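K.L.:
Top to bottom, those sequences are chains G and E.
FYI, in our numbering the residues of the first sequence are 1 to 365.
FYI, in our numbering the residues of the second sequence are 1 to 365.
A hint or two may mislead.
Said to hold, decoys possible - Derived Cβ-Cβ restraints for the label pairs, each shown as a range:
no., chain 1, residue 1, chain 2, residue 2, range
1, G, P300, E, D96, 51 to 61 Å
2, G, D320, E, A114, 37 to 47 Å
3, E, T190, G, H224, 55 to 65 Å
4, G, E353, E, E32, 49 to 59 Å
5, G, D253, E, A114, 22 to 32 Å
6, E, G326, G, A150, 42 to 52 Å
7, E, R324, G, R322, 53 to 63 Å
8, G, R97, E, H24, 33 to 43 Å
9, G, D253, E, H104, 23 to 33 Å
10, E, G326, G, R299, 15 to 25 Å
11, E, R92, G, D253, 45 to 55 Å
12, G, R35, E, R118, 51 to 61 Å
As the list claims (entries may be wrong) - Examples of chain G residues lying across from chain E (beta carbon under 7 Å, computed):
no., residue
13, E32
14, A60
15, G61
16, V63
17, P88
18, R143
19, E327
Just so you know, these hints were derived from the structure itself, not from any lab.
Bear in mind that the values here come from a model prediction, so they are computed numbers and not experimental data.
Built from N, CA and C at the ideal position, the CB exists for glycine as well.
Number of protein chains: 2
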Amino acid sequence: MPQTPRTLDDLDTPVPLVDVDRMHDNLRRAAEYCRAHGLAWRPHAKTHKSPALAAEQVRAGAVGVTVATVREAEVMAQVVDDLLLAYPPFGRAKLDRLMALPPHVRLTVAMDSAEALRGLAEAARAAGRRVGVLVEVDAGMGRVGVQSAADAVALARAAADAEGIEYRGVMFYPGHVRDNVDRQDDGIRTVSARIGGVLRALDEAGVPAGVVSGGSTPTFWRSHEIAGITEVRPGTNIFNDRTTAEIGACGWDENAYSVLATVVSVSVPGQAVVDAGSKALAKEEIRADTVGYGALLDRPEVVVKSVSEEHGLLDLSGTDWRPRVGERVRIVPNHVCVSVNLHERLYGVRGDEVAQVWDVAARGR
Amino acid sequence: MPQTPRTLDDLDTPVPLVDVDRMHDNLRRAAEYCRAHGLAWRPHAKTHKSPALAAEQVRAGAVGVTVATVREAEVMAQVVDDLLLAYPPFGRAKLDRLMALPPHVRLTVAMDSAEALRGLAEAARAAGRRVGVLVEVDAGMGRVGVQSAADAVALARAAADAEGIEYRGVMFYPGHVRDNVDRQDDGIRTVSARIGGVLRALDEAGVPAGVVSGGSTPTFWRSHEIAGITEVRPGTNIFNDRTTAEIGACGWDENAYSVLATVVSVSVPGQAVVDAGSKALAKEEIRADTVGYGALLDRPEVVVKSVSEEHGLLDLSGTDWRPRVGERVRIVPNHVCVSVNLHERLYGVRGDEVAQVWDVAARGR
Chain G
1 MPQTPRTLDD
11 LDTPVPLVDV
21 DRMHDNLRRA
31 AEYCRAHGLA
41 WRPHAKTHKS
51 PALAAEQVRA
61 GAVGVTVATV
71 REAEVMAQVV
81 DDLLLAYPPF
91 GRAKLDRLMA
101 LPPHVRLTVA
111 MDSAEALRGL
121 AEAARAAGRR
131 VGVLVEVDAG
141 MGRVGVQSAA
151 DAVALARAAA
161 DAEGIEYRGV
171 MFYPGHVRDN
181 VDRQDDGIRT
191 VSARIGGVLR
201 ALDEAGVPAG
211 VVSGGSTPTF
221 WRSHEIAGIT
231 EVRPGTNIFN
241 DRTTAEIGAC
251 GWDENAYSVL
261 ATVVSVSVPG
271 QAVVDAGSKA
281 LAKEEIRADT
291 VGYGALLDRP
301 EVVVKSVSEE
311 HGLLDLSGTD
321 WRPRVGERVR
331 IVPNHVCVSV
341 NLHERLYGVR
351 GDEVAQVWDV
361 AARGR
Chain E
1 MPQTPRTLDD
11 LDTPVPLVDV
21 DRMHDNLRRA
31 AEYCRAHGLA
41 WRPHAKTHKS
51 PALAAEQVRA
61 GAVGVTVATV
71 REAEVMAQVV
81 DDLLLAYPPF
91 GRAKLDRLMA
101 LPPHVRLTVA
111 MDSAEALRGL
121 AEAARAAGRR
131 VGVLVEVDAG
141 MGRVGVQSAA
151 DAVALARAAA
161 DAEGIEYRGV
171 MFYPGHVRDN
181 VDRQDDGIRT
191 VSARIGGVLR
201 ALDEAGVPAG
211 VVSGGSTPTF
221 WRSHEIAGIT
231 EVRPGTNIFN
241 DRTTAEIGAC
251 GWDENAYSVL
261 ATVVSVSVPG
271 QAVVDAGSKA
281 LAKEEIRADT
291 VGYGALLDRP
301 EVVVKSVSEE
311 HGLLDLSGTD
321 WRPRVGERVR
331 IVPNHVCVSV
341 NLHERLYGVR
351 GDEVAQVWDV
361 AARGR
């Protein structure tokens, strides 16, 4: 690939593309929503893993970014001075690396156990740092998070009492809510009631939550309906993806990310095979009742019906389009975060022109 | 992580481990099987993407390796002088890079279209190289490959006639065969009949196949039942994985690969959460009727029931074991090839000792 590709023709496939204008539109809309509702916008950098894109988010109005790994924290600290590690760090190696972040970085860590708090507090004291803590509350997803208001109070008190630690509030993740698919689900209201109960208990116990950090891409536009919320952490909606469009949380033409691929075989009738498989798109089932692992950006009726590592099979049964071998297509994957993670660089494009190149610098550990 | 980790305690999680002795046993068994049946053993390097492990395979008796991408070809050419690219290269960039492989490398490329042949032949002539070609035949999987004996003959003739090209035979992939799961499927016999018909047609047309390259890990131990086969290309069975064990193509204690992970949350009853999710294990459904995305190496009854990007949820419903936060576990993923591809290095271990470190050098493009 040339050092400075100028057009799509200079790029070898499979390669991830970002429509720069759509991305900026996505960022602007998110920022406007947060401003309108008085919410701090702390987008999750796991989606792009690119410091240059984190910097764009801050320029667009983000208060800082969220990260999931120590590596992401290290890379994002190059450009952002306010980080939320939404994951408990365990073990000397991770704690040492966190404490070695530049001193001007305001670090907050979310957790749901006394063990995680103890380790972080010890490391902070040894390093002479003060680290913020959010108590992670299970909002109903059943993945992580304290299970009751009483447990939230206990951990909040321990954080408030711990030397080296500054208790800052609570975090939750409403990633299980499917209200966009089925409005009768009423998931947002259930989350709101649950978090509201925890917030009241924290108030009564004298450890009120200054920060109430929630939000996800699927529920993004309804974040303001959750009582007490102060901050949102959407990741995906910088780019969007097929799942986000399928559940109605974005329009198809708000998809900024696609993988450029080449048709390599049309031998089997009714399908075309491209050189983007599970090592370029990833292989995640879509959340809604929808088949396949991606769809063509410009022909969403053409679905990637199956993938192996380097093969993606386009289902041609719903189209008259018959691609020839060598033709190129752009594929929107089901889940953008895991697709980005498979690539070393993202290519920002306007039409057929390559406008920017971003390193996916926070991949790996 | 220390420059030279000596024990598992020196490794930060999540991190991929290879049991060195089990891996060597797996290689030895594969080599013995091939010797016993007079088959050339050309393992697929996509599984490990590590030149050092390709060199181990050659030392164990492999005639060369198979690769799926140009990047894999470039990296493996550092240590192996006989490469099969089991994927048609399209576009100037890929062809230029292939032609720039060291001149001593004996290169063979598999394909199923006249377009792919034409591009390769032009590039070979321009570079003054001679490149081998295998005609890819669909053995019933319906992914790629010519669909009839007549099409195989036509492409073989075109290859035999093309300047710069040496027609070498046929390739097929029996990856759809499930005989290990259901012996009544009779998939191997169907494949054998199909390939046999193609071979007879090629003989009659005066373009006999010198190489008949088949084989996969699921069907590996029955490769010799396929009439005319001369070569096998298993990838997974250097390490094996949960799928390979579930379908009966290896024993559980032949799993050489696992991801070391740390328990980060036990807040939700009945489960434990580890720091290995879809960005460490990958998220592929298992092929058999089995739930989850992995299982513990030392407690196979404990399954990773779901994953998100950095979270894996261990289902504790079938065990009395109750891990504490901070405890470490080793997870065998469903599909090893896509898990390896998520990591930069593999750590070869004997017990708790780190014996070797291998770069996953052929990741990326």
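K.L.:
Hints numbered earlier in the text: which of these fail when held up against the supplied structure?
P.N.:
1, 2, 5, 6, 9, 10, 11, 13, 14, 15, 16 and 19
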